[in-house]
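Participant: Here is what each chain is made of, one letter per residue.
Number of protein chains: 2
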Amino acid sequence: MRRTGKAWLMFGFALLLFVSCAPTDRYVIKEFGSFYIGGRPVTLSGLPTREIVFTKGAPAMKVDPNGDFEVEQMYVQYMLPADQKSKYPLLMWHGGGLTGVTWETKPDGNPGFMQYFLRTGHPIYVSDAVERGRASWARYPEIFTSEPFFRTKKEAWELFRIGPQDSYHTDPAKRTIHPGQRFPISAFDQFCKQSVPRWATNDAATQAAYNALIQKTGPCVVMVHSQGGNFGFQAALAAPDTVKAIIAIEPSGAPKTGPDLEKLKNIPILVIWGDYLDKQALWQRLVPNIDAFAKDLRSKGGRIDWVQLPELGISGNTHMLMMDENSDQIASLIQEWMTKNGLMR
Amino acid sequence: MRRTGKAWLMFGFALLLFVSCAPTDRYVIKEFGSFYIGGRPVTLSGLPTREIVFTKGAPAMKVDPNGDFEVEQMYVQYMLPADQKSKYPLLMWHGGGLTGVTWETKPDGNPGFMQYFLRTGHPIYVSDAVERGRASWARYPEIFTSEPFFRTKKEAWELFRIGPQDSYHTDPAKRTIHPGQRFPISAFDQFCKQSVPRWATNDAATQAAYNALIQKTGPCVVMVHSQGGNFGFQAALAAPDTVKAIIAIEPSGAPKTGPDLEKLKNIPILVIWGDYLDKQALWQRLVPNIDAFAKDLRSKGGRIDWVQLPELGISGNTHMLMMDENSDQIASLIQEWMTKNGLMR
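Going down the list, the sequences are from chains G and W. Counting from 7, one number per residue, gives the positions in the first sequence under this note's numbering. Counting from 7, one number per residue, gives the positions in the second sequence under this note's numbering.
Among the clues, some could well be false.
To be verified - Label-pair distances were calculated between CB atoms; the ranges are:
{"no.": "1", "chain 1": "G", "residue 1": "Asp-334", "chain 2": "W", "residue 2": "Gln-171", "range": "52 to 58 Å"}
{"no.": "2", "chain 1": "W", "residue 1": "Asn-116", "chain 2": "G", "residue 2": "Lys-68", "range": "33 to 39 Å"}
{"no.": "3", "chain 1": "G", "residue 1": "Asp-247", "chain 2": "W", "residue 2": "Arg-351", "range": "49 to 55 Å"}
{"no.": "4", "chain 1": "G", "residue 1": "Ala-210", "chain 2": "W", "residue 2": "Asp-311", "range": "49 to 55 Å"}
{"no.": "5", "chain 1": "G", "residue 1": "Gly-127", "chain 2": "W", "residue 2": "Ser-338", "range": "31 to 37 Å"}
{"no.": "6", "chain 1": "W", "residue 1": "Ser-338", "chain 2": "G", "residue 2": "Val-59", "range": "33 to 39 Å"}
{"no.": "7", "chain 1": "G", "residue 1": "Thr-151", "chain 2": "W", "residue 2": "Pro-147", "range": "17 to 23 Å"}
{"no.": "8", "chain 1": "G", "residue 1": "Asp-247", "chain 2": "W", "residue 2": "Asn-116", "range": "27 to 33 Å"}
{"no.": "9", "chain 1": "W", "residue 1": "Ser-338", "chain 2": "G", "residue 2": "Trp-312", "range": "51 to 57 Å"}
{"no.": "10", "chain 1": "W", "residue 1": "Glu-37", "chain 2": "G", "residue 2": "Asn-72", "range": "42 to 48 Å"}
Stated by the list, open to error - Stretch by stretch, here's where chain G covers chain W in the computed footprint (C-beta under 8 Å, at least three residues):
{"no.": "11", "stretch": "33-39"}
{"no.": "12", "stretch": "69-82"}
{"no.": "13", "stretch": "110-119"}
Stated by the list, open to error - With a Cα cut of at most 20 Å, we get these calculated SDA-like pairs of lysine to any residue:
{"no.": "14", "chain 1": "G", "residue 1": "Lys-160", "chain 2": "W", "residue 2": "Arg-145"}
{"no.": "15", "chain 1": "W", "residue 1": "Lys-160", "chain 2": "G", "residue 2": "Ile-58"}
{"no.": "16", "chain 1": "G", "residue 1": "Lys-93", "chain 2": "G", "residue 2": "Ser-338"}
Worth flagging that the hints you see were computed from the coordinates, not collected in a lab. Every residue gets a Cβ at the ideal spot worked out from N, C-alpha and C, and that includes glycine.
Okay, chain G solo, but in the shape it has when bound (with noise of 0.2 Å):
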């Protein structure tokens, strides 16, 4: 009897162990970490040089502007879970105007759709693309053949359907919102601040970089967001067999119509749209296009999901959903629906 009492105890100690190092409320990641991928060399010459000071209490140094550069590459940043439970890794690609941090932490300061699908087991690759944050960006006119754009608050209040056109003011106890509208209203101003420039001339190489992505990575599931949705659908043509899924979150884009969508009809796709759509010029205009890709491609045999929040009765949700106070909620509907297209060990 002693020995069965130590036999049991020495269990209990050992699996007490197990217990205080099981990754409950934790991420236990194998690895993690950075790289660059895309981008070409080029080189400047015949532009004028200038004397300046860039640290305080350094002397002037002479600035050559002329000289060998690299530019047009993305930068991607990684988190592999111990405890894979995907098939594939999966690649997020924010919107316009924005960069990787749309994934990350919420601008109420929650956790987003990063921590959440590293949770639920999926080897997460997050990128800046070409021209956006650390991917960084390129003298214009000369390597950018345009000038970038700065969206104002007003336009990310509007377009990415906050509250109604006209409904934005610089004082935020005057600004009004869509009714059961779910963003995180008082931190508007603070996801301003993960706002940045854009240009409408580097499509091609923001591709290009996409493309090589998953070259990279090889079989991989691609969620994308607003302007990011056309790119992760021409991805999927340039490579349908390497993509294994698209999940399309409010995309902006798509592919033209034509024999050449044959190509995606293997893929599974959900496109996912959150509320107040009818409620936004912009956004009257787009979804058509999108709508007439899905048709399209659903006559061609292809599998297309098509997701209005609100028909299944969740209200409220805005263009940045993965903000949304119901953020949760809109994950594990992805998560479910990954689930049920074989795409989970």
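Got chain G sorted already, so can you dock chain W onto it with the hints?
Facilitator: What follows is chain W alone, placed relative to chain G:
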């Protein structure tokens, strides 16, 4: 006997569970994410509007550059180990023309300082300074008052002491390195993809954001590189009771000597230098400024350790020593210094 056998079996089984989940070669993260700090709202007016197609397949949009923006914020990404072994979080501040990527994966794909110091139990806060990377940048000359500068590969090659003056060549095969140089030379062009534009007129906003970060984290250790050096020392002057130590890796600037430095005398400071300082004109002009700062601080009873790696028999390190092939060796020296100075639990 059979009972004891069963007991050991059960013990072994439970122990196996423990070992199988122990974070041996893994990172066990309590929390990770990011936030923005610092910055201010601005309003632009009187600028001309234009029409542009942003996303392929999307209709043209009228772009009005006038309106409200958030500017001059800083981006901070944090990773908090489940098993914290340090007393304070470690804030990692990059140098000029670079971002927080400095501390991440090295350009040759090997783990960097971020991984090293997370493994040794430090809560890590890696920032992209104002105007850099995910912190974004603002329209100039309307908001940022000057033009940005783009570092050429030749300038990086020389200033970062990869090779002698004028030894850079567009063709990698024709580049000459310093003898015994330890930078992963085959990854130099990859490293150049980390370069981001910089301004010479945002120091006040950058300092304000760094100071705000220290107020947010509370008592902390600040690790600075190059241009980050002066920002780190100034942040300590602004909050001498909150900055518990400064690790200055090849700082390019320091506060002026004088009575003000009294405030820093109780803060342990480690200054680390690589090799080839005598081979590069700018560093021959910069190092004496830091040396004067160190001597003045020491004369006031300051605790400043001055380490020139070659004097320890560690030769071949460049300005980017956190990317050199012996970066772990240097990180371990820093870790030993932190332990010696009572910064670990």
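Participant: Please go over all the hints and tell whether each is borne out by the structure.
Facilitator: Outcome of the hint check:
1. G:Asp-334 to W:Gln-171: 52 to 58 Å: holds (56 Å)
2. W:Asn-116 to G:Lys-68: 33 to 39 Å: holds (34 Å)
3. G:Asp-247 to W:Arg-351: 49 to 55 Å: Because 51 Å falls inside the window, the suggested range holds.
4. G:Ala-210 to W:Asp-311: 49 to 55 Å: holds (51 Å)
5. G:Gly-127 to W:Ser-338: 31 to 37 Å: Holds: the Cβ-Cβ distance is about 33 Å, inside 31 to 37 Å.
6. W:Ser-338 to G:Val-59: 33 to 39 Å: holds (36 Å)
7. G:Thr-151 to W:Pro-147: 17 to 23 Å: holds (21 Å)
8. G:Asp-247 to W:Asn-116: 27 to 33 Å: With Cβ atoms ~31 Å apart, the hint holds.
9. W:Ser-338 to G:Trp-312: 51 to 57 Å: holds (55 Å)
10. W:Glu-37 to G:Asn-72: 42 to 48 Å: holds (46 Å)
11. 33-39: holds (count 6)
12. 69-82: holds (count 10)
13. 110-119: It holds, with 5 qualifying residues against the three required.
14. G:Lys-160 to W:Arg-145: holds (17 Å)
15. W:Lys-160 to G:Ile-58: holds (18 Å)
16. G:Lys-93 to G:Ser-338: holds (17 Å)
This entry satisfies every hint, going by the numbered hints stated previously.
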